[in-house]
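Trainee: Assemble the whole structure, with the sequences as input and the hints as a guide.
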Amino acid sequence: MTAILISLLLTLPVQDAPPVGGPPSGNPGAGPDAEGPSEPLEVRALQLRNGTLHWVEVVEHDESGLSLRRIENGGLVRISWNLLEPRQAERLRIEWGYVAAEGGELLIEVDRLILHNGSEVVGVIENREGPDFTVRHGGNLQILPKRAVASLSSGVQVPALSIYTREQLYSREAAQVDLEDPLSQKSLAQFCERILDFASAARHYEAALELGLDDGDNRVVRALERAKIKAALQEQVDYLHETEMLQRRGLYDSALERIEAFKTIYPNSPLQKELSRTKDHVLQARERALITLVKRRWNLWARRLSRTAAKGDSFEAATSYASEKLGQDIRAAVLKDAQELAKELKLEQLETFWVARSRRRYDHASYGMGTWLLGEDRALAGTSNQNAKQPSKGGGEKDAERAALEQKIKRFLENQKRARRARSSAEEADSFQSGWQELSGSSRGQWLLAYYIEFSGDYELGSRPHLRKCSSCGGRGVTETIGIGGRGEGDGGMNIEPCSICHGVGSVRRIDYR
Numbered sequence: 001m002t003a004i005l006i007s008l009l010l011t012l013p014v015q016d017a018p019p020v021g022g023p024p025s026g027n028p029g030a031g032p033d034a035e036g037p038s039e040p041l042e043v044r045a046l047q048l049r050n051g052t053l054h055w056v057e058v059v060e061h062d063e064s065g066l067s068l069r070r071i072e073n074g075g076l077v078r079i080s081w082n083l084l085e086p087r088q089a090e091r092l093r094i095e096w097g098y099v100a101a102e103g104g105e106l107l108i109e110v111d112r113l114i115l116h117n118g119s120e121v122v123g124v125i126e127n128r129e130g131p132d133f134t135v136r137h138g139g140n141l142q143i144l145p146k147r148a149v150a151s152l153s154s155g156v157q158v159p160a161l162s163i164y165t166r167e168q169l170y171s172r173e174a175a176q177v178d179l180e181d182p183l184s185q186k187s188l189a190q191f192c193e194r195i196l197d198f199a200s201a202a203r204h205y206e207a208a209l210e211l212g213l214d215d216g217d218n219r220v221v222r223a224l225e226r227a228k229i230k231a232a233l234q235e236q237v238d239y240l241h242e243t244e245m246l247q248r249r250g251l252y253d254s255a256l257e258r259i260e261a262f263k264t265i266y267p268n269s270p271l272q273k274e275l276s277r278t279k280d281h282v283l284q285a286r287e288r289a290l291i292t293l294v295k296r297r298w299n300l301w302a303r304r305l306s307r308t309a310a311k312g313d314s315f316e317a318a319t320s321y322a323s324e325k326l327g328q329d330i331r332a333a334v335l336k337d338a339q340e341l342a343k344e345l346k347l348e349q350l351e352t353f354w355v356a357r358s359r360r361r362y363d364h365a366s367y368g369m370g371t372w373l374l375g376e377d378r379a380l381a382g383t384s385n386q387n388a389k390q391p392s393k394g395g396g397e398k399d400a401e402r403a404a405l406e407q408k409i410k411r412f413l414e415n416q417k418r419a420r421r422a423r424s425s426a427e428e429a430d431s432f433q434s435g436w437q438e439l440s441g442s443s444r445g446q447w448l449l450a451y452y453i454e455f456s457g458d459y460e461l462g463s464r465p466h467l468r469k470c471s472s473c474g475g476r477g478v479t480e481t482i483g484i485g486g487r488g489e490g491d492g493g494m495n496i497e498p499c500s501i502c503h504g505v506g507s508v509r510r511i512d513y514r
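Residue 130 in the working numbering sits at position 130 of the sequence shown; the count goes up by one each step and never skips.
Simulated from the structure, these hints should not be mistaken for laboratory data. Just so it is clear, CB atoms sit at the ideal spot from N, CA and C, and this is done for glycine as well. There may be inaccurate statements among the hints.
Unchecked claim - Calculated pairs, DSBU-like style, for lysine-lysine (alpha carbon to alpha carbon, straight line, at most 30 Å):
1) Lys263 x Lys279
2) Lys263 x Lys273
3) Lys295 x Lys343
4) Lys311 x Lys325
5) Lys346 x Lys295
6) Lys279 x Lys336
7) Lys325 x Lys346
8) Lys263 x Lys295
9) Lys273 x Lys343
10) Lys263 x Lys346
11) Lys325 x Lys336
12) Lys279 x Lys346
13) Lys295 x Lys273
14) Lys336 x Lys311
15) Lys295 x Lys311
Claimed, not checked - Computed beta-carbon distance windows for the label pairs:
16) Asp329 x Glu225: 54 to 62 Å
17) Leu115 x Ser323: 38 to 46 Å
18) Ala174 x Glu109: 19 to 27 Å
19) Arg360 x Ile71: 38 to 46 Å
20) Gly138 x Gln176: 36 to 44 Å
21) Glu348 x Arg172: 27 to 35 Å
22) Val58 x Leu115: 53 to 61 Å
23) Ala381 x Arg87: 47 to 55 Å
Mentor: Written out as structure tokens, the structure is:
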């Protein structure tokens, strides 16, 4: 219903259109005797909240909304700011001086120092000479021994007030401007708004006007009024800024507690819109941080717990754990980590953040030389046996010999498969157990990780697995040996045996996941 009403507002003329070629009507809000605009009206394409686009002339604008004339029929209409597409409304309000022209807090580039103990220091390195770094942050200087720094990166942007005090920033900027120039006074006032020093901003806007600044569109007057209002509420402005600093440090619960306390401390505050915006920023930042943390810690705990489970000697116990318990333990560990950012986080919400993770690229997991422990059907599932040997082509004595050997290998593998099927479950379990114990600890850990990823359902898998030929048998599943002095039956003493590495599977299985 709202979308229909919005469209109707700009479809029906509110005032008769002027004759073709005639001058536009006067300001609809100023009465019939008001003078028309002295300059041509500005034509813009405005997008409404419901997505429709209209070409209009902007007749008038103020804090509450706009008066528009439609190009199609000349009709006049008055709409509020909240009926416009939000991003375009924000741009226009900044352009016309109804909100801070700079549109944000002052940011500066700083250095990030990661210490060997894992902690981090973010600030401006003011002195690099000698064995120590002199770093400014939080308005103070800190001495850091260079030997304690593991890595250093530059170009990080942070709010200037997290490094310098408001007084330090103001005095440094004021020393660089000509205070007798009205444009410089205006520029300094805008700078003061960006460091949240609204009393100084109001003072410099007033100085700019007193020095004769041309303010035909009253933007500076509106900025002055805005700065005076904020200056009277400086304590509340600082309170919200300190809350945002907690958010930037990752202390989201503390920031949300301060937001709730604001409502009690300042129950009638006119900064309710700013408070709501601050809360939205905290919640959005926390959600982004949680999505990133859950993905990183999920993968970390999957590797860590797989390595731990692989220390046991029982193959059956390890596969049972990977199938039934590993996913639960990962969730419990990740939830505990995530609750450091959001202490009220529940398991159901954790699943939501895991599903929302970034999936830009695939990672890889391999069963290595333990691929055969999956059993032949699972080891080759999802793809044709890429390593199957193609029949030899051509003629000649050598080719005939080769073809005969291939047939013999084929019959041997078929016999081996029938023999495996005829084995009892206990015999097969003993075989797998022996193979499991022969693998190194790291190989068992990689095997369990691949098994969990492929069969748990927690990950998105690539379209098909990859099979790499066994390096020992070249993918055939068997090895050929010639017994010296032996008497083979029709093959010159050549014997065929199952490959001791891949146990007849002929492949190493690798999966892609994300």
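Trainee: If a hint holds in the structure, say so; if it doesn't, say that too.
Mentor: Hint-by-hint comparison with the structure:
1. Lys263 x Lys279: It holds: about 12 Å lies between the C-alpha atoms, which stays within 30 Å.
2. Lys263 x Lys273: Answer holds: Lys263 to Lys273 is near 12 Å, not above 30 Å.
3. Lys295 x Lys343: Measuring from Cα to Cα gives roughly 18 Å; hence the hint holds.
4. Lys311 x Lys325: holds (16 Å)
5. Lys346 x Lys295: Holds: Lys346 and Lys295 sit about 16 Å apart, inside 30 Å.
6. Lys279 x Lys336: holds (24 Å)
7. Lys325 x Lys346: Cα-Cα ~19 Å, so holds.
8. Lys263 x Lys295: violated (35 Å)
9. Lys273 x Lys343: holds (26 Å)
10. Lys263 x Lys346: Distance of about 26 Å is within 30 Å: holds.
11. Lys325 x Lys336: Holds, at about 17 Å.
12. Lys279 x Lys346: holds (20 Å)
13. Lys295 x Lys273: Violated, because 33 Å separates the two Cα atoms, which is more than 30 Å.
14. Lys336 x Lys311: holds (24 Å)
15. Lys295 x Lys311: holds (25 Å)
16. Asp329 x Glu225: 54 to 62 Å: Holds: the Cβ-Cβ distance is about 60 Å, inside 54 to 62 Å.
17. Leu115 x Ser323: 38 to 46 Å: holds (41 Å)
18. Ala174 x Glu109: 19 to 27 Å: holds (21 Å)
19. Arg360 x Ile71: 38 to 46 Å: Hint holds: Cβ distance 44 Å, inside 38 to 46 Å.
20. Gly138 x Gln176: 36 to 44 Å: violated (24 Å)
21. Glu348 x Arg172: 27 to 35 Å: violated (50 Å)
22. Val58 x Leu115: 53 to 61 Å: About 55 Å separates the Cβ atoms of Val58 and Leu115, which means 53 to 61 Å holds.
23. Ala381 x Arg87: 47 to 55 Å: holds (49 Å)
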